[in-house]
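Trainee: Protein chains in written order, with our numbering: chain C, 1 to 138; chain U, 1001 to 1082; chain D, 2001 to 2318.
Since the hints were derived computationally from the structure, they do not count as laboratory data. All of these numbers come straight from a predicted model, not from anything done at the bench. Keep in mind that a hint or two might mislead.
Stated by the list, open to error - 30 Å max Cα-Cα, derived DSS-like pairs, lysine-lysine:
| # | chain 1 | residue 1 | chain 2 | residue 2 |
| --- | --- | --- | --- | --- |
| 1 | C | LYS6 | D | LYS2050 |
| 2 | D | LYS2272 | C | LYS74 |
| 3 | C | LYS88 | D | LYS2140 |
| 4 | D | LYS2159 | U | LYS1036 |
| 5 | D | LYS2079 | U | LYS1036 |
| 6 | U | LYS1036 | D | LYS2115 |
| 7 | D | LYS2005 | D | LYS2159 |
| 8 | D | LYS2086 | U | LYS1036 |
| 9 | D | LYS2214 | C | LYS88 |
| 10 | C | LYS74 | D | LYS2048 |
| 11 | D | LYS2272 | C | LYS134 |
| 12 | D | LYS2115 | C | LYS88 |
| 13 | D | LYS2115 | U | LYS1021 |
| 14 | U | LYS1021 | D | LYS2079 |
| 15 | C | LYS74 | D | LYS2212 |
| 16 | C | LYS134 | D | LYS2079 |
| 17 | C | LYS74 | D | LYS2221 |
| 18 | U | LYS1036 | D | LYS2050 |
| 19 | C | LYS88 | D | LYS2272 |
| 20 | D | LYS2005 | U | LYS1036 |
| 21 | D | LYS2215 | C | LYS74 |
| 22 | U | LYS1036 | D | LYS2140 |
| 23 | D | LYS2048 | U | LYS1021 |
Claimed, not checked - Computed list of chain U residues with no C-beta within reach of chain D, every gap over 10 Å:
| # | residue |
| --- | --- |
| 24 | GLU1043 |
| 25 | GLN1044 |
| 26 | GLY1045 |
| 27 | ASN1046 |
Unchecked claim - Computed beta-carbon distance windows for the label pairs:
| # | chain 1 | residue 1 | chain 2 | residue 2 | range |
| --- | --- | --- | --- | --- | --- |
| 28 | D | ALA2054 | C | ARG56 | 42 to 52 Å |
| 29 | D | THR2134 | U | ASN1046 | 50 to 60 Å |
| 30 | C | THR33 | D | ASN2317 | 23 to 33 Å |
We put the CB at the ideal spot given by N, CA and C, even for glycine.
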Amino acid sequence: MAWEPKIIVIACQWCTYAGADLAGSLRYSYPPTVHIVRVPCSGRVEPEFIAEALIRGADGVFIGGCHFGDCHYKEGNYKAIRRFNLFKRVATELGVEPDRIQLEWISGSEGKKFAESMTDFDAKIRELGPNPLKGGAQ
Amino acid sequence: MKNGLDRYNKKNNPEGGKGMKKIEINPMTRLEGHGKITIFLDEQGNVENAFMQVVEFMGYEKFLIGMPIEEVPRTVTTICGV
Amino acid sequence: MSKPKLAYYLAGGCGGCDIAVVDLAETLVDVALQLDIVFWAPTVADAKYKDLEAMPDGSIDVGLVSGNVRNSEHEHIVKVMRQKCKVLIAFGICAACGGIKGLVNLHTTEQLLDKAYINTFSTDNPEKVPPQTTVVVDGKYELTLPTLMDARPLDQVVKVDYYIGGCPPYHEHIGKAFMALLSGQLPPSGSWITMGKAVCEVCDRNPVLQGKSKKFATTVKRTIEGTPTEGACILEEGYLCLGPVTQGDCGAKCPSANVPCRGCGGPIPGVKDFGLRAISAIASMLDNEELVEQIPDPVHLFYRYALPSSFLGKRINR
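All chains should be modelled from the sequences, with the hints used to inform the complete structure.
Mentor: Here's what the structure looks like:
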């Protein structure tokens, strides 16, 4: 069986998850390799989630949240991007391929954008190949 | 010019160790650091030669590179905590 | 009734934790009279490894191991310690999480040996010989050295019963831990022996304890760029103190000396990867995104004590 990527999407319930729902209602299709996990806010996302997902075999991790100013909890998405940027900097220095992790702001009305982002990310991960980190660094 | 390292060179020792009788004192104690003393005995049981080896290696020379200079004093005190 | 037996082994550490136990001073006299110290190598007593190997299995009540596991000799003796001791404690942050010496995992053994023995301007090694695991001198004297491996914390090699953090653990905390050990009042096996409070909770500079609210840091500064204001929180001033995620059994000694905490006490309960949780805490305490880019050398900062125990454990494709 050919390798199919496994992509974990951590989506904030107010914006990105609603955007994913809208993509479904409007019949925009996106790849089935995407597995969506709902969180109350992108500010809930700890770098440990991303690292654990990569160690356990996820080929790509995508974080989705509200645009600046739209966060239901006011500042959650600001914290999310600061944590994400610092984590990406450290993870790149430790040898993780930086293209495997991505953060994007997708609002509840951007169903089309959600589908497009998923398709693009899936294509990028297919190009990168299977995650060499599965099971911990060798 | 004969280099001091020649006696350890594998090219000069093609037959390897002949299984001489030896006493190993491991570890050296009441200090920080791991050391080992190996004493080789001849057929009469007298000491023919003795060697002291430092059995550990840390690697601070490499991983300190890139660290801000003001953090280095707090880091290198862990080379020896005694 | 015979006294409980104690054994102490220093693996890939610096001996500071051994001296911290000796630092107990007067408490040590009370404690030492109640214990029978059967093995303490190589720092304090004149015991040899074969003495430890000769003891019956399970005959030692408490074993302390400090230092991480770095070469094959450490691995062997640590496994012997696990066999001979009923309770094994990872003593100090090197044994618990990998420690500063765990930073060697950022490089391969070849790179480390190359820098130490060959490629430094002050090294005189014309034949470029690194240390060998076996060498035969003059054709008949065979000498061996253990094999070097990646640094690992103790629990990646043997099962650990308790963890005590600190570099070294503060002597009052060790005293309390020993008293708890002797009286049998210990937490469940596999947990850290700690108060469970973060450094911030015991720090005098904490604004919340003074009735004020915490503010975001508006700059990022290196410690050479200024002195923290008396009585003010070091993290708020931009010096990147890791107090929020570190265990405070030391009583916040470093912040009280104007020095930012670097995380030697180990992670607060419930944290799997200390470096990542520290990244999360520090990034969320900064006022804007540009400050994140200004942090100098984040890997050596956040992972200073806990790289081997992290999810990745080391740098990949080094």
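Trainee: Tell me, in ascending order, the numbers of any earlier hints that this structure violates.
Mentor: Checked against the structure, the hints that fail are numbers 1, 3, 10, 13, 29, while the rest are satisfied.
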